[in-house]
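Chain order of the listed sequences is C and R.
For reference, each letter of the first sequence is one residue, going 861 to 1471 in this note's numbering.
For reference, each letter of the second sequence is one residue, going 140 to 532 in this note's numbering.
Incorrect hints may appear among the rest.
[Claimed, not checked] Within a straight-line C-alpha distance of at most 20 Å, the following computed SDA-like cross-link-like pairs (lysine to any residue) qualify:
| hint | chain 1 | residue 1 | chain 2 | residue 2 |
| --- | --- | --- | --- | --- |
| 1 | C | 1444 | R | 530 |
| 2 | C | 1418 | R | 359 |
| 3 | C | 1444 | R | 496 |
| 4 | C | 1444 | R | 522 |
| 5 | C | 1438 | R | 458 |
Hints are computed from structural coordinates only; laboratory data are not their basis.
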Amino acid sequence: MSGTPCYPYPPMTDPTLIRNFSIIAHIDHGKSTLADRMLEVTHTIADRDMMEQVLDSMDIERERGITIKAQAVRLYYEASDGQTYQLNLIDTPGHVDFTYEVSRSLAACEGVLLVVDATQGVEAQTVANAQLAMNAHLEIVPLINKIDLPAADPERVRREIEEGLAIPADEAVLTSGKTGEGVHDALEAVVRYIPAPAGDPDAPLKALIFDSYFDAYRGVVALIRVVDGSVSKGMKVRMLATQTVTDVEEVGVRRPANVPVDELGVGEVGYLITGLKDPSLVKVGDTVTLAKHGTVDPLPGYREVKPMVYTGLFPIDGDQYPELRDALDKLQLNDPALIYDPESSHALGFGFRVGFLGLLHMEVVKERLEREFDLDLLATAPSVEYHVFKTNGTSEFIHSPQDMPDPGTIDHMEEPYLKVTVLVPPAYIGAVMELAEEHRASFKDMQYLSKTTVELHYEMPLSELIMDYFDQLKSRTKGYASLDYEYIGYRPGDLVKLDVLLANKPVDALSFIVHKDKAYARGKILTEKLREIIPRQLFEVPIQAAIGGRIIARETVKAKRKDVLAKCYGGDITRKRKLLEKQKKGKKRMKNVGNIEVPQEAFMAILKVDD
Amino acid sequence: MTSASDIPALPEHLYVHVPLCRTKCAYCDFFSVAEADLPLCVDALTGALVGQTLAWAQRGLALRPLQTLYIGGGTPTMLGPALAGLVDALATHIGVATGAEVTVEAKPDSLDDALVALLAEAGVTRVSLGVQSFHDDVLRTLGRAHDATRAIAAARSVRKWNLDLSIDLMCGIPGQSMGSWLASVEHAIATGAGHVSVYPLSLESGTPLAAEVLLGRFAEPDPDIAADMMIAAGEILAAAGFERYEVANYAKPGAQSRHNTAYWTGKEYLGAGPGAHGMLSATTARASGFVVPESAARVRYAIACELERGLQSVPRVEVETLTAEEAAREDVMLGLRLTRGVDVVLVEGARVGGVLEHFVGTGLVERADDRWRLTERGWLLGNEVFGDVWAGE
Chain C
861 MSGTPCYPYP PMTDPTLIRN FSIIAHIDHG KSTLADRMLE VTHTIADRDM MEQVLDSMDI
921 ERERGITIKA QAVRLYYEAS DGQTYQLNLI DTPGHVDFTY EVSRSLAACE GVLLVVDATQ
981 GVEAQTVANA QLAMNAHLEI VPLINKIDLP AADPERVRRE IEEGLAIPAD EAVLTSGKTG
1041 EGVHDALEAV VRYIPAPAGD PDAPLKALIF DSYFDAYRGV VALIRVVDGS VSKGMKVRML
1101 ATQTVTDVEE VGVRRPANVP VDELGVGEVG YLITGLKDPS LVKVGDTVTL AKHGTVDPLP
1161 GYREVKPMVY TGLFPIDGDQ YPELRDALDK LQLNDPALIY DPESSHALGF GFRVGFLGLL
1221 HMEVVKERLE REFDLDLLAT APSVEYHVFK TNGTSEFIHS PQDMPDPGTI DHMEEPYLKV
1281 TVLVPPAYIG AVMELAEEHR ASFKDMQYLS KTTVELHYEM PLSELIMDYF DQLKSRTKGY
1341 ASLDYEYIGY RPGDLVKLDV LLANKPVDAL SFIVHKDKAY ARGKILTEKL REIIPRQLFE
1401 VPIQAAIGGR IIARETVKAK RKDVLAKCYG GDITRKRKLL EKQKKGKKRM KNVGNIEVPQ
1461 EAFMAILKVD D
Chain R
140 MTSASDIPAL PEHLYVHVPL CRTKCAYCDF FSVAEADLPL CVDALTGALV GQTLAWAQRG
200 LALRPLQTLY IGGGTPTMLG PALAGLVDAL ATHIGVATGA EVTVEAKPDS LDDALVALLA
260 EAGVTRVSLG VQSFHDDVLR TLGRAHDATR AIAAARSVRK WNLDLSIDLM CGIPGQSMGS
320 WLASVEHAIA TGAGHVSVYP LSLESGTPLA AEVLLGRFAE PDPDIAADMM IAAGEILAAA
380 GFERYEVANY AKPGAQSRHN TAYWTGKEYL GAGPGAHGML SATTARASGF VVPESAARVR
440 YAIACELERG LQSVPRVEVE TLTAEEAARE DVMLGLRLTR GVDVVLVEGA RVGGVLEHFV
500 GTGLVERADD RWRLTERGWL LGNEVFGDVW AGE
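Starting from the given sequences, assemble the full structure and let the hints guide the process.
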């Protein structure tokens, strides 16, 4: 991908001619396509190099239409006032898993374009992202997209924005990322409504790291926004949170390919090559300043990113363990939020306990490991991090059911809770309430954002959210509900470990932690599910669910009695062999647990107990 | 110097596929066309099948008479009197050994007394009658064109002209009761057949019956019920003097199918007609003009499932080659289908002794008198063993 610069690069732009903005939207509202059009109309990318979702460089991002990594690209735009402006577009992840990353990207901006789909209207992540922008005191420019669609209803959406978000939408820009209509208006609005950055050019350097990535040749590259002062090649800088000192090997701007510049000044956005080989030293949200006589006041908002969801990842073929470790090492270079520790399971052999920001993050990582590194992986049911308080006064965090201490030694346990926001048409309130009840959610409040949209707030354990809650919410509301959540801390819960036994032997990888009141029902449904999932073997396989040695549910997979291809038509042996090969291949994809062939989905079956 | 005896000979077993059916049965995914769709007349079809077979005799292989000839389909009996002509032509031009087994597959609805007489005269020795069931409701589920009365009449004709009779029966059919199944087995025995094949229905994707099951109009065949039916049939047949000599085949003494046994014992066979299969040693294959890699020991070919290219005298074929070791594993895999099992020497040659040993532990395989064979329990769980044998150690 190569940019075709149509404007010269001034060494530094007068801050009054700079606009830093981000585009925020609910998933699928057309954010990335709109960004594509902006790159086109500003000739940042030549038409011949244009492809869809330019800023989403990962295959998975393009296929799923999601943004995982933040991106920054500089555009030059000649506005109707005759001036040429430097616009820095910071593309943010759109998913709730990455809320912290989004907040840091927003901190690098003075304003946002709030994109709302002209057919879908305001959805949960529209609200959540708008709130993030408001909390960051950003100028919000509403933009109604996809006006080319026959079902587009900009008037209704305009009302939703005003009534639901309290954002004046009289002058909302109407656009179509698909046809390109309104894209110039959007850029004009950026220039007109979003404030120019303010900063002190004479103060010591102060810049925000809003993302970073690892370049195999050049080490860690930070994406930064300069707040005060300036940064140039050869300077010695310090990262305040990690107290890392390094030389600046290069600074530049992304168009979207890297283009080196001499210096980045107040308000400018660009990249900084640190030469560091350890990505953990360059943290999103950290502040870069001068190594000597720099500022001691970090920019606000920095925090350590903590994984919320944990799962065991095991290679189906045990020999692939070293490859899995290498692959995780490599992914982590560009994804510091990914953490992992070796884990061994009696049932599954050697693997890793991997921590993720959320379920999407987990799915994406697993898919990348399988696709980019050609691994065949088995994932165990995701779990959260529990806080166990023991009778002897000590406490520990556990993120795997296997680590749960003997119940006799436990005084009480706590689990992470979320504040959950659901936006839904009023007709589905009942369905949402019912689902909430099934997931131990406590209702907080409800308000009408408009005649067509109700906002409900709940508090619920994270462990319940990852238990198929989102899929169920979607299916019970016919896809109308949208969801957002934020972490609100630990709360006590009456939790027990439920073990699953196959052929009378406990299978550690199938055990899970569950609320006592739910244990019996979940155990029963799980054993039923497992009976359907586990194919018949040459011998009978009893499936049992147990709490602390007491069996609470039992099912049996009967022994297989018939498996033979009888008819041979005209000596077609090849066909027979092919069928046998196919059957054999199917078995290979299963995990052999104590002589029982267990399909991969068995380890995720607990997530499907609501079906 | 190459002496005449070094020239590879024509295989002694020939399968001819007649790709013609009045109606397609609901469970069948083999190649056939309806008569109305046949772009050529029956005589031309017969001529093409003969022509393709004769072309083999002109490929430089030494001629020798056939030990078995099997005309299958499709529905060979739909050729009517031309079927007798086909047998006659093959016997005249290729040659059939004295005492050879000449089988014709037949469906009851296209086999009458007059046709049986013609076939007997042309040298057919055996008729394999696709009855499937003597229960009319079950026959309708299968989409068969005949009823039980017609099946009994056809069987009578075969016996009347003193031909060996084999009857195909199918179990595990949606809606089929155990009672109806056992009655069908009894009926088959009563026809005087010396050979009975007992198959569980297998749902092949893309067939109308599989679609009905997917749509929920029929219950998916329960493998346990099919197993019970296979076992019950075996008991009744044994009591009537039949011996199970292969997974699905029962015969009175001396009435085993020699043609099918050739498939299970690694004998070379030719296939002719669209959709037919053949197996040759690499040597024979080379001598007959196949280009075969150095490493190959065995060649399997399948003739294209289309009338135009499948009926040419040198038809379009898909070829698969096997190394000596693969061929040996295949022989073990196929030989284990036979009740008598396979010789330890063959198993050692295929290097699958360890695989079989493992199944001794699970009770599917036993070894006695220097032979490996499936146990009674292993009989209906053959795929467990076959798949691992084919995969090797």
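Sort out whether residue 522 of chain R lies within 20 Å of residue 1444 of chain C, counting only the CA atoms.
-> Holds, because 10 Å separates the two Cα atoms, which is no more than 20 Å.
Is it true that the CA of residue 1444 of chain C sits at most 20 Å from the CA of residue 496 of chain R?
-> holds, 19 Å
Would the pair residue 1444 of chain C and residue 530 of chain R pass a check requiring their Cα atoms to be no farther apart than 20 Å?
-> holds, 8 Å
Holds or violated: are the alpha carbons of residue 1438 of chain C and residue 458 of chain R at most 20 Å from each other?
-> holds, 14 Å
Within 20 Å, alpha carbon to alpha carbon, are residue 1418 of chain C and residue 359 of chain R?
-> holds, 17 Å
Violated hints are absent here; each numbered hint is respected by the structure.
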